[in-house]
Amino acid sequence: MMPPVHALLQIATPQLPPPSGAVYLIATVIKMVVVFSLYMVTVALLTLAERKISAWIQDRLGPNRVGPGGLLQPAADGLKNIMKEETYPSAANLPLFVLAPAMSFVPALLTWCVIPFASPLPTPWGLIDMVVAPLPVGYLFILAVSSLGVYGIVLAGWSSNNKYALLGGLRSSAQMVSYEIAMGMSTIPVLLLAGNVALGDIVRQQANGMWNVLGLTVAFLVFLISAFAETNRLPFDLPEAESELVAGYHAEYSAMKFSMFFIAEYANMVTASALMVTLFFGGWDIPGHWDVAPWTVWKTVATGAFFAFKTLFFVFFYMWIRWTLPRFRYDQLMALGWKLLLPLSLGYIVVIASAILGLDAAGVARGSWAFGGALLGLNVVIVAVLLFLIDRGRLISPAYSRLDQRNVEKLRALAARSALMTEGRN
Amino acid sequence: MERTYFPVLLLLGFAAFNAVAMLALSHLTMRPRPTPVKQTPYESGIPPLGDARERFSVKFYMVAVLFIIFDIETVFMIPWGAHYRELSCAVPLVAGSCPAGQVSFFGLGEMLVFIAILLVGFIYVWKKGALQWD
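Just so you know, the protein sequences line up as chains A and B, in that order.
Using this note's numbering, the first residue of the first sequence is number 436, and each one after it goes up by one.
Using this note's numbering, the first residue of the second sequence is number 85, and each one after it goes up by one.
Be aware that a few hints might be false.
With a cut-off of at most 25 Å between alpha-carbon atoms, the simulated BS3-like pairs for lysine-lysine come out as follows [said to hold, decoys possible]:
| hint | chain 1 | residue 1 | chain 2 | residue 2 |
| --- | --- | --- | --- | --- |
| 1 | B | K212 | A | K774 |
| 2 | A | K515 | B | K212 |
| 3 | A | K774 | B | K211 |
| 4 | A | K774 | B | K122 |
| 5 | B | K122 | A | K519 |
| 6 | B | K211 | B | K143 |
| 7 | B | K212 | B | K143 |
Hint data in this document are derived by calculation from the structure and do not stem from the laboratory.
Isolated chain B, as found in the complex:
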């Protein structure tokens, strides 16, 4: 286990070290000369009006919620996809393939039910106008 994930941790540390080194190097070599105008938020040259953190369209929240639903669905599909060969065989695989005449509809049938339920939700969301952006 530690051998499997050790390189990832090593690289994570290496990349993080690089990021910090870049930020630090840039910070150490610069000569700060701040002025009030330089520090105002950029709004195409006019004095900024109000705060940027105002309310924004609810659409963005909706997309986030829909994303959760459909992404979970994708996550459920991944193990199914990776084991489709075993799932569509009525008996255990022989040397990685299914013996003749033992092909089963089980794997596909299960997924069709799953997709059908999800499709109902998708059509509902579409008809409700959650995917409409104007």
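So that you can see chain A by itself, here it is in the shape it has in the complex:
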């Protein structure tokens, strides 16, 4: 039996010895600059994609004047935001007011560096990992850095000295910390299967066995919901609910500082999508014999493209949801996070751990068809039970459902009468 303290220390041992020093340095810088630029361009194009998709869903044309098909719209927006006048509210706390956009921008563009985006690339100088920083504590790094983003939002809300901004900042801090728990717990089953927190190992385990979305469906659903809440996107965009709080925490921001909050939001969205793909959809894995050595350049290109495709699908899913669902009320949001997702993911950890132990005791090998099939069957049953038993009206209840049924009727009659009276007066 391995003592737990030793187990803790073992997580921090490095994995792959990289190629020689100079090659490693050059490769790291090239990867970093290329992926960073790709990220920024993608984020810029996503702002256009968001408007195009919303237009498509609402049967409009969307931006189509700047460049072919509106393709240069992000460039025009960027230029405008750079040239615009910055306003500083006289009552604001100026150092924090300027610092806040940078505090949400930097973590948003730091998180992705541990996500492996393609199979290793063979070069004359050695095998190069297609990840900027192959940290042995990859998943912990993501949890740690992504939660730093809340500082930017809270500081922005507080330093503006604006009531809407303060409310937005408060709401977002409470919302993000609440869903972080559900998010962290929903990924414990992934670690149970992978046996490691390095994202490269999690991808390898899925490449050898089955994508986690099939074996850990409930964990994926909890993670998906929490990721929407963590990135402050609809249906959980209460920090910037425009119909209640004007623009929420960035109500007082203008010019490039506003733009930086926007970039951070979209970058977080891309990172959350990439993380969903890595943890539950096999990362860069293409089913079949793509994920085994010998590595070739074509394999790197193909797996990289497939990873981008999967990630962009989830980004599209984010936008699709945004233009489809209405916003939650704040008490419903908190009830969903604390009273449903937390116990659900806690129970799910126990169920999956017991199932793994049972399968081990029965002598079923990990990564075999029987092992995957048993987990899949278990998940089908759990999802079916959840869908049939969970009644939205009970868990996420509207305010009137807690009233007596007779009182509800009385209130409805009252509202109808007052509506009639107003009509008569007009």
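Keeping the supplied structure of chain A fixed, place chain B upon it in accordance with the hints.
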């Protein structure tokens, strides 16, 4: 060690440089024309009433405290999850898997005790109404 974490530091510097460059560029190219009205906090067009930094609901503090407790619990679970295979085997692993008949209840049992203690706290918090928002 420096090789492992060096790319992260490099990227941190790069991202911070980008952030500062954006702020500086925007600051240098603008022509400030402040007016007193432009500088007042926005309150839908009416003159602002009082200060924004007033007292707010204690609920937000409560959520922060509860977060600390439950997040620490998640952090304790992560090493357990990553080493579940070793913990549920009575003898050291042979080639990454447990020899037949040596599967142990130890790992799951420990976690069940941990979760049970936490569940008591969770039920207490729920019954006290700390999770009630209206």
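Hints, verified against the model:
1. B/K212 to A/K774: 13 Å, holds
2. A/K515 to B/K212: With a Cα-Cα distance of about 52 Å, the restraint between A/K515 and B/K212 is violated, given a limit of 25 Å.
3. A/K774 to B/K211: Within the cut-off at roughly 11 Å; holds.
4. A/K774 to B/K122: Since the Cα atoms of A/K774 and B/K122 sit roughly 44 Å apart, the hinted pair is violated (cutoff 25 Å).
5. B/K122 to A/K519: OK: B/K122 and A/K519 at ~14 Å, within 25 Å.
6. B/K211 to B/K143: 15 Å, holds
7. B/K212 to B/K143: Holds. B/K212 to B/K143 sits at ~13 Å (cutoff 25 Å).
The structure is inconsistent with the numbered hints 2 and 4, although it conforms to all the rest.
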